[in-house]
Amino acid sequence: MTVLRKREETMRKFTLASVIMATTALTTPAFADDHLKIVDEPLELTIHLHWPRQQGYNENFPVEKAAREMTGIYLKDATAGRNSTDSMEAMNLLIAQGNMPDIVGGHRIRQPVNQYGPEGAFLPLNDLVAEHAPHIQAFWDAHPELQQAITAYDGNYYYIPYLPDGMFGRAWYVRQDWLDKLGLEQPQNVDELHDVLVAFRDGDPNGNGRKDEVPFFAREWEEVIRLVTLWDARSTGSDTFHDFYVTDDGKVVHPYAQDGYRDAMSHIAEWYAEGLIDAEIFTRGSSARDYLLSENLGGMTHDWFASTSGYNAALKDKVEGFDFKPFLPPASVSGVRMEEHRRTPLKPDGWAISYMNEHPVETIKYFDFWFTEEGRNLSNFGVEGETWDMIDGEPIFKPEVLNSDKPVNTQMYEVGAQIYRGYWMDYRYEWQWTDEDAREGIKLYEANDLLVDQFLGVSFNEEEQSVYDKYWPSLYTYMLERQQAWILGSGDIEADWDSYIQTLDKMGYSQVIEVMNSAYQRQYDE
Amino acid sequence: MTMTDNKIGGSTEELVVEAGEAQRNRRPSRMNRVGDHLRREWQLYLLLLPTILWLLIFLYKPMYGLQIAFKDYSVFRGVAGSPWVGLEHFYTLFENDQFIRALRNTIYISLLGLVFGFPMPIILALMFNEVVNQLFKKTAQTIVYLPHFISSVIIAGIVITAFSPSAGIVNTVMGWFGLNPIYFLTKAEWFRPIFVGTGIWQEAGFQSIVYLAAIAGISPTLYESAVVDGATRFQMMWKITLPMILPTIIIMLIIRIGNMLEVSFEMIILLYQPATYETADVVNTFIYRQGIQGGQYDLAAAAGLFNAFVAFVLVMTANTISKRYSRTSLW
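Chains as they are written, first to last, in my numbering: chain A, 1 to 526; chain B, 1001 to 1331.
Think of the hints as simulated: they come from the structure by calculation, not from any bench. Watch out, some of these pointers could steer you wrong.
Computed list of chain B residues with no C-beta within reach of chain A, every gap over 12 Å [claimed, not checked]:
no. : residue
1   : I1057
2   : Q1134
3   : Q1141
4   : S1152
5   : M1267
6   : V1313
One side only, chain B facing chain A, incomplete, derived with CB under 7 Å [what the hints assert, rightly or not]:
no. : residue
7   : T1161
8   : P1165
9   : T1317
Think of the CB as a built atom: it goes at the ideal place given N, C-alpha and C, for glycine as much as any other residue.
Turn these sequences into a full structure, and let the hints steer you where they fit.
Have a look at this one:
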């Protein structure tokens, strides 16, 4: 009964949509024919989708409705742990309660999926994708390293990830108006950078007569550690702070156990002592950028393109002459310009098929739908004709979407696009609402060879996992403790280094590196 | 009962057997008595029921899950399906210097909190009791109760701002006396005073309510006769008020010792830094980092179980000592 009624409803909407499309004389709507239909009879699948903005899946998303019409598959919300905003917690709750919905997705599912998949909680997708999901398979064929990256220790992979697009995320930003006022150029190398920061400290660029400028600041104190790249060291290997990285000869190591780190950190400690780095870097927290920029105190930072450029418009009236510009990473002591941060091509988010799913073939076909052109546009831009139009073969947001008071991403979340399903992001989505300053910065960065390879993580087997779990949390704690002590000057890195390395060894550093590398070789050396 | 039996020893064996027989004979009537009692007092038991249910559901049922401290726990396999590993997690903990440090810090911070934090509400209550001006008293009470109702996140924000080296009030005042600013929250040696002080500021006022209530219960005749005898106010406080609220103080002390290791770890998480782990990392924050963030529920359960065990020993000891020396005890 209900199914029938729903079908009727669908038909009615379908005709209505066609009429609208026809009258506005647009290209034929993508779902005007049945070529994307997966099932003849409507099929209902339950889904757990826990993600930061909404702890659940809204069955009334316009995108969901459009996908229903195109594929015939309905998603019904069955999200666990809605009262928590922690997606890991929700996932554990879901697994512990035993009764799993057909599709399990959301934020940070990679680790649980790779751990419990081999135990039988999720279906391996390799064969399903190879047989029934040509578009996903085509993506893997073009990006084999990403398929390797999500593969669990048993050689199977268990989820379809959210695949971000675009390259640069964070960039160096400087108060161009302060530079101009002090008659300085954008710093091109470490020494010039030091001079600029000293000038910001001493030259009173904000003109209030007080020495209250904060030359280098950051919302996240970890960005200070990233300054080690100026001395050819590394602070992380991925878009997560303090992560492992892969050396040129293909070995996984941790940046904080390398000799280069010692030299670089001693310089950072000097800069901190000289007052070039925000003295309150560790406690100022996420409001640092807001506060220091709007109070006309902060001079330089390393942060995301889009949101940082946004301050030019936001502070135009408040701070006279405010001009916060992205500039190229200064060359390191050996002359290398490196932007250590980049968008990861692969997120730990996405969706998987639970072992209780009775329609795995239909489900994988449904996953594949989101990798077709129609599905990809739907997941990136929303429903065609509602939020965007196809103009000269390009999906272009409607002016009312771009000029709304609400950010475009928020509008997308509200219609069910850009949410944490397994989909491939289209950078054209973000580019359209990136402001002019940031676009220029991105072009500047893209014109130079700045990126370093990303460490996409490894999947441990049970034995490796237990070694890692046993030693890593304590090692990590110890490394960060010493790191802060060195910056704050309560320890001297040159004097402490040997005992630091000895302590790391005593605490199991070499065991962790061993399991890291055995997992890495299994996963990536084919 | 058993004590007396033992004292009398074997000589009264017959009596005991007889008593047992008598009891067996009385059993039906005893059952009846229980039934009668329940029929008469059922309203009271009904009132008790929600609390008992709450205890069973939220405190006793979860104890089933404690076994994961001895298991290699997998969420998917479940509590029952995960294999036993014996005391492995406890070995792992005690081999870990950071756990030992966290344990030491927990005890140290708790003791500091006890020594400085426990007398505060009592002193406050005594002082409020002596205030004559009602308007001043009410205003002062409201002000000291207030921090209790503010969320820890905001309290932590206030503390961080107050101790900020550039804009904080503490460093500003120090500046007037020509002292150099100190970045307090990254200095391990300052963490404990700041944390314990924050705790006192947040809770002392609210905790004084219990003592105020106890003071209100003291019979005014005691004070009247003391006035007649020419006692000073200080003497009355020292000789009447304090001794009269001593049982309350002892009970509160035992409860406090029982909760001693439950350092308000959310506040620590908000205030600590890797730079201050040395003095700030407590068992609960260690559990949080190692267990919850790292996903090692079994190890976290082992650490939590050990913490609870120490707390249990502490409260039993405190209770026994108190029973022996002051005749006041929880049970």
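Against the structure, the hints come out as follows:
{"no.": "1", "hint": "I1057", "result": "holds (17 Å)"}
{"no.": "2", "hint": "Q1134", "result": "holds (42 Å)"}
{"no.": "3", "hint": "Q1141", "result": "holds (32 Å)"}
{"no.": "4", "hint": "S1152", "result": "holds (15 Å)"}
{"no.": "5", "hint": "M1267", "result": "holds (15 Å)"}
{"no.": "6", "hint": "V1313", "result": "holds (26 Å)"}
{"no.": "7", "hint": "T1161", "result": "violated (9 Å)"}
{"no.": "8", "hint": "P1165", "result": "holds (6 Å)"}
{"no.": "9", "hint": "T1317", "result": "violated (31 Å)"}
Going down the numbered hints, you'll see the structure goes against 7, 9, while the others check out.
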